[in-house]
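Engineer: Going down the list, the protein sequences come from chains A and B.
Per full-length UniProt numbering, the first sequence runs over residues 1 to 227.
Per full-length UniProt numbering, the second sequence runs over residues 1 to 250.
Among the hints, a few may not be true.
Computed from the model, here is a short list of chain A residues facing chain B with C-beta under 8 Å [said to hold, decoys possible]: (1) F50; (2) L203; (3) I209; (4) I210.
Examples of chain B residues lying across from chain A (beta carbon under 8 Å, computed) [said to hold, decoys possible]: (5) T70; (6) P72; (7) A98; (8) V116; (9) A120; (10) L123.
Please keep in mind that the hints were generated in silico from the structure rather than gathered at the bench.
Quick reminder that beta carbons are idealized off the backbone N, C-alpha and C, glycines included.
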Amino acid sequence: MVTSFFDQFSSPLFMGIPLMALALLLPWILLPTPSSRWLNNRLLTLQNWFLGMFTRQLLLPINHPGHKWALILASLMIFLLSLNLLGLLPYTFTPTTQLSINLGFAVPLWLATVLIGLRNQPNLSLAHLLPEGTPLLLIPILIIIETISLMIRPLALGVRLTANLTAGHLLIQLISTGLFVLLSLQPAVAILTGALLLMLSLLEVAVAIIQAYVFVLLLSLYLQENV
Amino acid sequence: MLSRIIIVSASALKGSGPLGAGLVQASRSLHTTSQSLAPVPPLPEKGGKVRHGIFPEEIFQLLYPKTGVTGPYMLGTGLLLYMLSKEIYIINHETFAALSMGAIIFYGAKKFGPGVAAFADKLNEDKVAKAQEVKDVAMASLAQAVEDEKKEQWRAEGRSMIFDAKRNNVAMLLETNYRERLHMVTNEVKRRLDYQIALQDLHRRMEQEHMVKWVEKSVVGSITPQQEKESIAKCITDLKALAKTSQATA
Numbered sequence: 001m002v003t004s005f006f007d008q009f010s011s012p013l014f015m016g017i018p019l020m021a022l023a024l025l026l027p028w029i030l031l032p033t034p035s036s037r038w039l040n041n042r043l044l045t046l047q048n049w050f051l052g053m054f055t056r057q058l059l060l061p062i063n064h065p066g067h068k069w070a071l072i073l074a075s076l077m078i079f080l081l082s083l084n085l086l087g088l089l090p091y092t093f094t095p096t097t098q099l100s101i102n103l104g105f106a107v108p109l110w111l112a113t114v115l116i117g118l119r120n121q122p123n124l125s126l127a128h129l130l131p132e133g134t135p136l137l138l139i140p141i142l143i144i145i146e147t148i149s150l151m152i153r154p155l156a157l158g159v160r161l162t163a164n165l166t167a168g169h170l171l172i173q174l175i176s177t178g179l180f181v182l183l184s185l186q187p188a189v190a191i192l193t194g195a196l197l198l199m200l201s202l203l204e205v206a207v208a209i210i211q212a213y214v215f216v217l218l219l220s221l222y223l224q225e226n227v
Numbered sequence: 001m002l003s004r005i006i007i008v009s010a011s012a013l014k015g016s017g018p019l020g021a022g023l024v025q026a027s028r029s030l031h032t033t034s035q036s037l038a039p040v041p042p043l044p045e046k047g048g049k050v051r052h053g054i055f056p057e058e059i060f061q062l063l064y065p066k067t068g069v070t071g072p073y074m075l076g077t078g079l080l081l082y083m084l085s086k087e088i089y090i091i092n093h094e095t096f097a098a099l100s101m102g103a104i105i106f107y108g109a110k111k112f113g114p115g116v117a118a119f120a121d122k123l124n125e126d127k128v129a130k131a132q133e134v135k136d137v138a139m140a141s142l143a144q145a146v147e148d149e150k151k152e153q154w155r156a157e158g159r160s161m162i163f164d165a166k167r168n169n170v171a172m173l174l175e176t177n178y179r180e181r182l183h184m185v186t187n188e189v190k191r192r193l194d195y196q197i198a199l200q201d202l203h204r205r206m207e208q209e210h211m212v213k214w215v216e217k218s219v220v221g222s223i224t225p226q227q228e229k230e231s232i233a234k235c236i237t238d239l240k241a242l243a244k245t246s247q248a249t250a
């Protein structure tokens, strides 16, 4: 069987049963359930504190009607964060490396913001297509450009997350393969490669957290424009 | 009629001691009302004990009677070697990725673990402290209110003294006012009387002076020239006589 570095991204199957649902449900099993007690254990206290702080910070620039999105944005953030971080463990499958999953998050949510904008305040939403202070001659071209930029947003959201995570995982695989092979041939170079792998792993942890945050932040930005 | 017997016998059964109560209660289902859920048992303060961060302490306790202290470690080593030698777990590039990720996780847990735990504990403690503060402030304010009430009661006892003092005060004021007025009246009367006296003095003095002047004027006017000559001649003879007597004595 010829294996390639891209096999880690193939949809997991076990005896013909797709395990994608299990991979998507894993974070839910690991996160503690909020309880009705007044004082909780450390994990739950930290989770509550983090969620409260994050939601407050995210919804700060959004006006009152947009606060309906608090739940979905916060849960999306936790979901993406946990999926990304769990995918950094060895032999795990990261669902967010699949373009289908990411576009499945990006397109409906982005479309919802656009439709909300067009329904409630159509003039204002269309006015976003023309930045202030453009010279008269540039207006037609600029409107076309802005429309294209609007349409490309979901694609950008999805592909950004996919590309970052896929690239990160691939790099880890490549460098660890290099380390594995070099260990027997040139141990000195292998030590340098090991250091590189360590730093790359650190970077990947940061990227995992940041990419999840950026996804949700951009969605909140699109919401802020349209609501 | 039979149903009545059943009802009577059932009520008799309920009151007929422990066995009877048990027979009736057996039909009631257990732990369904919310009353049985309270009070909720307290949460354990710390999580289950673990050794080396992952392995629960219970495994070590389980194996201790048969294999002593080193038992679980031998089990772990043996398991690892078994999996490696039988190639159940193959060392490949993922192993190194796992090692580097494990190193990062280990470092993170060691460095930031206690800080994060202390932060979580502080969050809970702040919550408790806030509630405690509310309770303490309420208690302090109530105690203060009790003290204030006692003071007010003590103050109320001295009411009569205050009234007496006030009464004395008012009486003194009235007295002072009366004396002032009396003094003022006396002064005014004296002033008027002094004026009358001065007026009379002036009268008498003027009369005296006038009379003296008049007398002087009439005396001076009554001296005729004949009288003046006679008086002057008399004065000369008197003088001569005096000169003679003095000459005679000297």
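Engineer: Now look at each hint and say whether the structure bears it out.
Structural biologist: Hint-by-hint comparison with the structure:
1. The beta carbon of A:F50 is not positioned within 8 Å of any beta carbon in chain B (closest approach about 10 Å), and the interface hint is therefore violated.
2. At a threshold of 8 Å, the smallest CB-CB gap from A:L203 to chain B is about 10 Å, leaving the interface hint violated.
3. Because the closest C-beta pair between A:I209 and chain B is about 12 Å apart, greater than 8 Å, the hint is violated.
4. Restraint check, A:I210 versus chain B: the minimum CB separation of about 16 Å is more than 8 Å; hint violated.
5. The closest approach between the C-beta of B:T70 and any C-beta of chain A is roughly 29 Å, which is over the 8 Å cut-off, so the hint fails.
6. Below 8 Å, beta-carbon pairs count as interface contacts, and B:P72 has none with chain A, the closest being about 24 Å; its hint is therefore violated.
7. Annotation: interface hint on B:A98 holds; nearest CB of chain A at approximately 4 Å, less than 8 Å.
8. This hint holds: B:V116 has a C-beta 7 Å from the nearest C-beta of chain A, less than the 8 Å allowed.
9. Nearest Cβ of chain A to the Cβ of B:A120: about 4 Å, under the 8 Å cut. The hint holds.
10. Hint status for B:L123: holds, given a least beta-carbon distance of 5 Å to chain A, under 8 Å.
This entry does not satisfy hints 1, 2, 3, 4, 5 and 6, going by the numbered hints stated previously.
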